[in-house]
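Asker: Chain by chain, the residues:
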Amino acid sequence: MALRLGSIVEALGGELHGDPEVQIQDIAPLDAASSASLSFLSNPKYQQQLAESRAACVIVGPAMRDAALMRGACIVATQPYLYFAKVTQLWKRQHAAGSSAGIHPSAVVDPDAVVDPGATVGALCVVERGARIGAGTVLKSRVTVGENCVVGERCILHPGVVLGADGFGFAPHDGAWVKIEQLGAVRIGNDVEIGANTCVDRGALQDTVIEDGVKLDNLIQIGHNVHIGQHTAMAGCVGVAGSTVIGAHCTFGGAAMVLGHLTIADHVHISSASMVSRSIRRPGHYTGFFPIDDNANWEKNAATLKQLYSLRERLKALEKRIKP
Amino acid sequence: MALRLGSIVEALGGELHGDPEVQIQDIAPLDAASSASLSFLSNPKYQQQLAESRAACVIVGPAMRDAALMRGACIVATQPYLYFAKVTQLWKRQHAAGSSAGIHPSAVVDPDAVVDPGATVGALCVVERGARIGAGTVLKSRVTVGENCVVGERCILHPGVVLGADGFGFAPHDGAWVKIEQLGAVRIGNDVEIGANTCVDRGALQDTVIEDGVKLDNLIQIGHNVHIGQHTAMAGCVGVAGSTVIGAHCTFGGAAMVLGHLTIADHVHISSASMVSRSIRRPGHYTGFFPIDDNANWEKNAATLKQLYSLRERLKALEKRIKP
Amino acid sequence: MALRLGSIVEALGGELHGDPEVQIQDIAPLDAASSASLSFLSNPKYQQQLAESRAACVIVGPAMRDAALMRGACIVATQPYLYFAKVTQLWKRQHAAGSSAGIHPSAVVDPDAVVDPGATVGALCVVERGARIGAGTVLKSRVTVGENCVVGERCILHPGVVLGADGFGFAPHDGAWVKIEQLGAVRIGNDVEIGANTCVDRGALQDTVIEDGVKLDNLIQIGHNVHIGQHTAMAGCVGVAGSTVIGAHCTFGGAAMVLGHLTIADHVHISSASMVSRSIRRPGHYTGFFPIDDNANWEKNAATLKQLYSLRERLKALEKRIKP
Chain A
49 MALRLGSIVE ALGGELHGDP EVQIQDIAPL DAASSASLSF LSNPKYQQQL
99 AESRAACVIV GPAMRDAALM RGACIVATQP YLYFAKVTQL WKRQHAAGSS
149 AGIHPSAVVD PDAVVDPGAT VGALCVVERG ARIGAGTVLK SRVTVGENCV
199 VGERCILHPG VVLGADGFGF APHDGAWVKI EQLGAVRIGN DVEIGANTCV
249 DRGALQDTVI EDGVKLDNLI QIGHNVHIGQ HTAMAGCVGV AGSTVIGAHC
299 TFGGAAMVLG HLTIADHVHI SSASMVSRSI RRPGHYTGFF PIDDNANWEK
349 NAATLKQLYS LRERLKALEK RIKP
Chain B
49 MALRLGSIVE ALGGELHGDP EVQIQDIAPL DAASSASLSF LSNPKYQQQL
99 AESRAACVIV GPAMRDAALM RGACIVATQP YLYFAKVTQL WKRQHAAGSS
149 AGIHPSAVVD PDAVVDPGAT VGALCVVERG ARIGAGTVLK SRVTVGENCV
199 VGERCILHPG VVLGADGFGF APHDGAWVKI EQLGAVRIGN DVEIGANTCV
249 DRGALQDTVI EDGVKLDNLI QIGHNVHIGQ HTAMAGCVGV AGSTVIGAHC
299 TFGGAAMVLG HLTIADHVHI SSASMVSRSI RRPGHYTGFF PIDDNANWEK
349 NAATLKQLYS LRERLKALEK RIKP
Chain C
49 MALRLGSIVE ALGGELHGDP EVQIQDIAPL DAASSASLSF LSNPKYQQQL
99 AESRAACVIV GPAMRDAALM RGACIVATQP YLYFAKVTQL WKRQHAAGSS
149 AGIHPSAVVD PDAVVDPGAT VGALCVVERG ARIGAGTVLK SRVTVGENCV
199 VGERCILHPG VVLGADGFGF APHDGAWVKI EQLGAVRIGN DVEIGANTCV
249 DRGALQDTVI EDGVKLDNLI QIGHNVHIGQ HTAMAGCVGV AGSTVIGAHC
299 TFGGAAMVLG HLTIADHVHI SSASMVSRSI RRPGHYTGFF PIDDNANWEK
349 NAATLKQLYS LRERLKALEK RIKP
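Residue numbers (this note's numbering), protein chains in the order written: chain A, 49 to 372; chain B, 49 to 372; chain C, 49 to 372.
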């Protein structure tokens with residue numbers, strides 16, 4: 049498990065200051081790096097950690113070149129965080145067991161599903177009739193891709209993902225619920241990553257759509273007929289209710305929730321634990337969660353909150369009386 | 049993939065105005081319908097879409113008959129949304145592959161489990177010792193039904209469902225947790241649907257019970273000894289803590305949370321993302337989430353929220369001083 | 049399915065008042081107990097239930113001895129709830145089918161994984177290359193333990209658990225996301241229990257760590273490089289974002305959320321549905337959720353909340369005018 053410094057810059061570019069023959073044993077944060085580690089500085093506020101780091105070599109941006117050189121070897125890259133990401137990919141390629149493409153013998157793949165020869169279907173996955181899996185896509189273990197669902201190229205689906213369970217649709221009748229069969233499917237673009245135990249439901253009549261480059265973390269629920277635009281990213285435990293249309297380049301913090309039938313513009317950023325209860329037409333950063341507090345304080349403020357409207361009325365009344 | 053208009057009314061009733069020999073190619077919303085689509089209008093506010101729709105035929109209620117006839121063919125039904133639901137079921141029956149009942153060879157079913165011959169156990173499911181699966185029930189792929197858990201008739205369990213994992217019960221002792229073995233099971237009634245990756249824990253001493261006709265969406269957590277009454281429906285990401293008793297005909301919006309040991313009456317409706325922290329004894333609609341706002345506004349208001357109680361006290365003091 | 053009263057005190061100690069030959073048929077709460085049940089009273093506020101219970105025998109603390117004796121047979125134990133927990137364990141040992149250790153034939157275990165001979169790997173589990181499973185640990189059905197992840201001794205992993213999916217790490221580049229390969233693993237200590245469909249992601253560079261005695265309920269998301277201290281317990285649907293360090297002996301109510309890169313001290317207790325958006329350095333009880341209310345009231349108060357900051361300013365202005 050080692051990588052020559054020289055081989056890194058040969059593969060990824062960047063300007064190496066130091067001995068290309070040095071063998072890197074691991075990649076580590078500045079403060080945990082050993083004398084055989086490659087580290088990186090992407091945020092100037094950690095410059096103090098740079099000075100103190102024992103790392104064999106540090107990836108830095110041009111502005112940090114001099115500070116880095118005072119310490120020892122470095123690789124100067126225009127975008128050090130991006131460079132770091134590419135080093136992790138290089139490292140993985142060098143050290144991963146050759147988990148070559150193909151269908152694990154324990155997977156259950158319907159004869160009428162189409163799995164590209166360049167795709168990987170892991171242990172104990174289920175790929176149903178009419179499903180299609182694109183080239184370079186990896187289904188880790190225990191993934192279900194339901195009937196007629198389509199996954200593009202170079203996607204990663206982590207264990208426990210369920211694509212194409214029925215959307216939640218019922219017609220009320222005499223106090224009971226009559227099932228609306230979900231006749232659509234799920235369409236996933238290229239370069240999409242979907243986290244462990246995340247669910248994307250099939251559409252009622254038309255398809256649920258996840259566009260290229262979307263990244264979904266673990267335990268996310270995407271309802272039927274949702275449409276998520278390119279390169280939008282959602283952290284864990286997010287939920288999106290049915291038929292909501294989300295733009296491109298949005299981000300959703302963990303456990304954010306979005307009601308159904310809404311429209312969210314491109315470049316909208318939702319804070320964690322916020323409830324999106326209305327459409328958002330303008331790019332920006334939106335938040336809505338109750339600030340945490342010492343429980344005793346919270347109790348007093350929460351109790352008062354139930355009178356907030358009447359407090360406003362009382363304030364108005366006072367203002368009227370005082371205004372001359 | 050087609051259905052004669054005439055065969056629909058033969059199967060489901062309703063009053064067809066139009067040529068029964070027309071072949072329907074798909075079911076689609078009014079605005080997406082092609083000239084070979086069957087569509088429906090259940091909410092009068094979409095009447096404009098009706099006029100403009102290219103659908104071959106539209107399902108409408110009696111009040112919309114004239115408006116529909118001006119446009120073209122229609123089926124008049126007393127409850128058009130219910131009729132639409134039944135059409136989706138008819139469509140599914142006509143077009144689904146004959147996924148006949150039985151146990152998939154990859155499923156692991158304990159010899160001491162009882163699976164009705166009319167039940168379906170999908171790929172890579174696990175049915176443990178003493179479990180019982182009723183007639184007409186379908187376990188999609190990768191479902192676990194734990195020891196001694198009972199599932200009624202005509203239920204649907206979507207991929208990744210876990211029935212009968214241990215409830216979360218521990219006795220604190222010297223700073224550590226001593227496990228309370230969960231000796232109860234899970235009992236699911238008839239006509240229950242449970243969404244992908246949803247979990248229903250087994251009871252501690254007695255059973256966790258889900259009554260007939262309950263519908264649970266994806267990624268829901270039902271704690272031990274919870275009891276959910278008939279025809280209650282819960283959207284995705286809901287959590288219900290242990291020993292809470294929920295009435296019949298309730299609805300819970302996505303990500304609503306319910307504390308343990310509470311009682312919720314029949315016909316209670318909880319908004320999405322609301323935290324039920326006390327018993328609710330009266331039918332009605334209840335809500336509790338922080339309204340989303342532009343982040344900068346939220347920050348100002350959230351900061352002030354921590355002084356809300358003292359603001360009230362200051363307001364009171366002012367009122368006293370001003371009152372003559 | 050029965051247990052002699054005498055055999056219980058022989059195994060667990062405690063002071064039996066009553067006939068040791070009585071056969072207990074089940075363990076039940078006071079109010080549901082039959083004349084063949086063993087029950088327990090751990091909270092003095094249920095003393096009335098004690099008097100009325102039909103239980104064959106009741107476990108009580110020393111302070112309740114006299115009250116219990118007036119009713120009938122009892123076992124007096126210093127800590128009756130702990131004693132009850134141990135009785136459930138005894139019951140389980142006596143009545144469980146001998147689910148002896150070993151690897152279920154349907155599980156997929158990599159030849160380069162190390163499973164202790166005293167561990168149990170259930171049906172349809174996946175244990176990847178380099179993973180290690182300690183003695184006495186039980187993987188229920190359909191668990192995935194990813195590459196190089198380590199699980200200690202006497203752990204219980206419930207169905208659907210995913211250890212070692214990739215953490216959510218990407219570098220933004222030209223509007224898209226470049227994957228940061230997750231090169232760390234997951235390390236789980238001893239006596240850890242992890243609930244159904246819960247996910248613990250592998251670290252980016254170093255490991256995600258769960259210390260001894262931690263208890264995680266169902267559908268929990270633990271991000272990469274999180275560190276959870278000994279004997280901390282989390283109820284269902286909790287989420288912890290990346291790199292957060294949580295102390296020992298903490299408790300998290302259901303659906304509590306914790307942002308990334310925070311530090312939570314030992315002995316911190318977070319209420320259900322609360323969003324932890326800042327580090328918490330002092331032990332205590334913290335809360336932050338919007339109190340539920342009748343929807344009409346909520347709407348009025350929530351609307352006013354958006355003016356809270358300006359209400360404060362108006363109040364200040366009034367105070368100034370009145371003060372002289």
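Treat the hints as calculated values from the structure; they're not laboratory data.
One thing to keep in mind: the hints can contain errors.
Pairs involving identical chains hold if they fit within one copy or between any two copies, as the list cannot separate such chains.
Below 30 Å or equal to it, Euclidean Cα-Cα: the simulated DSS-like pairs (lysine-lysine) are [claimed, not checked]: (1) LYS354 / LYS364; (2) LYS140 / LYS227; (3) LYS140 / LYS371; (4) LYS93 / LYS368; (5) LYS227 / LYS364; (6) LYS368 / LYS140; (7) LYS93 / LYS348; (8) LYS227 / LYS348; (9) LYS364 / LYS348; (10) LYS368 / LYS348; (11) LYS354 / LYS227; (12) LYS93 / LYS364; (13) LYS140 / LYS364; (14) LYS93 / LYS227; (15) LYS354 / LYS371; (16) LYS93 / LYS140.
Please read all numbers here as calculations on a predicted model, not as lab measurements.
Asker: For each hint, tell me whether it holds in the structure or not.
Answerer: For each hint, the structure was consulted:
no., hint, result
1, LYS354 / LYS364, "both (18 Å within a copy, 16 Å between copies)"
2, LYS140 / LYS227, "between (46 Å within a copy, 11 Å between copies)"
3, LYS140 / LYS371, "neither (71 Å within a copy, 69 Å between copies)"
4, LYS93 / LYS368, "neither (51 Å within a copy, 43 Å between copies)"
5, LYS227 / LYS364, "neither (51 Å within a copy, 54 Å between copies)"
6, LYS368 / LYS140, "neither (70 Å within a copy, 65 Å between copies)"
7, LYS93 / LYS348, "between (39 Å within a copy, 27 Å between copies)"
8, LYS227 / LYS348, "neither (45 Å within a copy, 36 Å between copies)"
9, LYS364 / LYS348, "both (23 Å within a copy, 15 Å between copies)"
10, LYS368 / LYS348, "both (28 Å within a copy, 21 Å between copies)"
11, LYS354 / LYS227, "neither (39 Å within a copy, 40 Å between copies)"
12, LYS93 / LYS364, "neither (47 Å within a copy, 38 Å between copies)"
13, LYS140 / LYS364, "neither (64 Å within a copy, 60 Å between copies)"
14, LYS93 / LYS227, "between (56 Å within a copy, 24 Å between copies)"
15, LYS354 / LYS371, "both (28 Å within a copy, 24 Å between copies)"
16, LYS93 / LYS140, "within (28 Å within a copy, 56 Å between copies)"
Going down the numbered hints, you'll see the structure goes against 3, 4, 5, 6, 8, 11, 12, 13, while the others check out.
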